[in-house]
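K.L.:
What follows is the residue order along each chain.
2 protein chains.
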Amino acid sequence: MSRATKSRGPGRRPGAPDTRGEIIEVARAEFAARGFEGTSIRGVARAAGVDPALIHHYFGSKDDLFLAVMDVPFDPRDFVKLMVDSPYDEVGTIVVRTFLGLWERSEIQQRFRGLLGSALTNEAAAELMRTALTRLLFDAVADRIHEEDGRLRANLAGSQLIGLAMARYVIRLEPLASTPTDEVIAWIAPTLQRYLHGPTPG
Amino acid sequence: MSRATKSRGPGRRPGAPDTRGEIIEVARAEFAARGFEGTSIRGVARAAGVDPALIHHYFGSKDDLFLAVMDVPFDPRDFVKLMVDSPYDEVGTIVVRTFLGLWERSEIQQRFRGLLGSALTNEAAAELMRTALTRLLFDAVADRIHEEDGRLRANLAGSQLIGLAMARYVIRLEPLASTPTDEVIAWIAPTLQRYLHGPTPG
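The listed protein sequences derive, respectively, from chains A and C.
When you line the first sequence up against the working numbering, it's residues 8 to 209, in that order.
When you line the second sequence up against the working numbering, it's residues 8 to 209, in that order.
In case anyone wonders, no lab produced these hints; they're calculated from the structure.
Fair warning: there could be bad hints in the mix.
Same chains, same label: a pair holds when it works inside one copy or across any pair of copies.
[What the hints assert, rightly or not] Here are the simulated SDA-like pairs of lysine to any residue, each with C-alpha atoms no more than 25 Å apart in a straight line:
| no. | residue 1 | residue 2 |
| --- | --- | --- |
| 1 | Lys69 | Pro182 |
| 2 | Lys88 | Pro182 |
| 3 | Lys69 | Arg179 |
| 4 | Lys88 | Glu114 |
| 5 | Lys69 | Glu181 |
| 6 | Lys88 | Glu181 |
| 7 | Lys88 | Ile115 |
| 8 | Lys88 | Ala196 |
| 9 | Lys69 | Ala149 |
| 10 | Lys69 | Ala133 |
| 11 | Lys69 | Ala40 |
Please read these numbers as outputs of a predicted model, since none were measured by experiment.
All chains should be built: construct the whole structure from the sequences, respecting the hints.
P.N.:
Printed below as a string of structure tokens:
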């Protein structure tokens, strides 16, 4: 899973002003101040003193710009595609296996740690993470999960995955941290499967 | 759940040096440098230049001193007692209900956020949290949970609870954050029940 936006930027040329980096800084301030819905490519362009077409050229859509600002090291839309393409009764296994694979990559793990740490100490960062997860992940799969409470079910699955990462990779509880991946998947997959496609409790 | 150690300290008297606070600072450095097992009341007393009996007087046992250093706003041993006293088939419900009750209290939530944030950015803090959870919570309930893999099962239950707190109270995913407590419990309790007392998968 490579970041879709990465190849679109020309990178910094020696001697050239880092226009792409400046746009990201301006966009970060806009998203933090106005939230996702309140921010527009046009508004970012105005604040950065560039043409909106340049932002589209560098980043693509507003979603792409947002991912670049968040510096998310994989494209959550790849994750959505994976879920949508998975056989109904294997989705729990596939999701937890893919998630663990991301956390096993040190550069991705570093970035995830940074994002979670920011969310714990900074309300604006928590709001951006909430928006990113809701818009790019949970909303995109909700209908596929369940016609009534798909978003709640997606949140619950997300809660188990976030906690698994905290317990296994951050706090490193033993024996969970050194349990083989396949064994962890065997424990966690049924939980995800129930949250996503099981009966509503009560 | 009140902190058992709190009533043992005499508190700071006006004009008196804050011996209790100084011992906590020294003990924090000792635990961070040597870990839980490598730290002794005798060693802390030596480093602080006080008699070991004074530390016992202020704090009680090494476990109590450790909890005071971690500034944990409730006694995890109360949680253990609750789990041990719960009817076998209600333990999932009782554990998640108690856990959510702690997170609903703002002073406890603030401290939990601080502990999780430290664990994300500081390896020594992560090690202390790992030690605290393992020693005072997971080890204490492991035998009661399962004779073979009680500690792994306790870790898994902990992972769901940590992730639930992150999703509901820190990132505040919607609709999970505004879902009534009883509904959240109905979703999460079967997961804990399976981790703690369900069949081993595979």
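K.L.:
None of the hints should be skipped; say for each whether it holds.
P.N.:
Against the structure, the hints:
With identical chains, the CA atoms of Lys69 and Pro182 are at most 25 Å apart between copies only, with a shortest distance of 24 Å across copies and 42 Å within one. Within a single copy, Lys88 and Pro182 get their C-alpha atoms only as close as 33 Å, which misses the 25 Å cut-off; across copies the closest is 23 Å, which meets it. For a Cα distance limit of 25 Å, the shortest separation of Lys69 from Arg179 across copies, 23 Å, qualifies, whereas the shortest one inside one copy, 36 Å, does not. For the identical chains of this complex, Lys88 and Glu114 are intra-copy neighbours only, at 23 Å inside a copy versus 41 Å across copies, given an alpha-carbon limit of 25 Å.
Taking the closest pair of Cα atoms, Lys69 and Glu181 come within 25 Å of each other only across two copies (22 Å); inside a single copy the shortest separation is 42 Å, beyond that limit. In this assembly of identical chains, Lys88 and Glu181 lie within 25 Å of each other by CA distance solely across copies; the values are 22 Å between and 33 Å within a copy. Taking the shortest Cα distances, Lys88 and Ile115 sit within 25 Å of each other inside one copy (19 Å), while across copies they are farther apart (39 Å). Proximity of Lys88 and Ala196 under a CA criterion of 25 Å is satisfied intra-copy only: 18 Å inside one chain copy versus 30 Å between copies.
Taking the shortest alpha-carbon separations for Lys69 and Ala149, only the intra-copy value of 21 Å comes in at or below 25 Å, while the best inter-copy value is 49 Å. Taking CA atoms no more than 25 Å apart as the test, Lys69 paired with Ala133 passes inside one copy only; the shortest distance there is 19 Å, against 37 Å between copies. Within a single copy, Lys69 and Ala40 get their C-alpha atoms as close as 16 Å, which meets the 25 Å cut-off; across copies the closest is 47 Å, which misses it.
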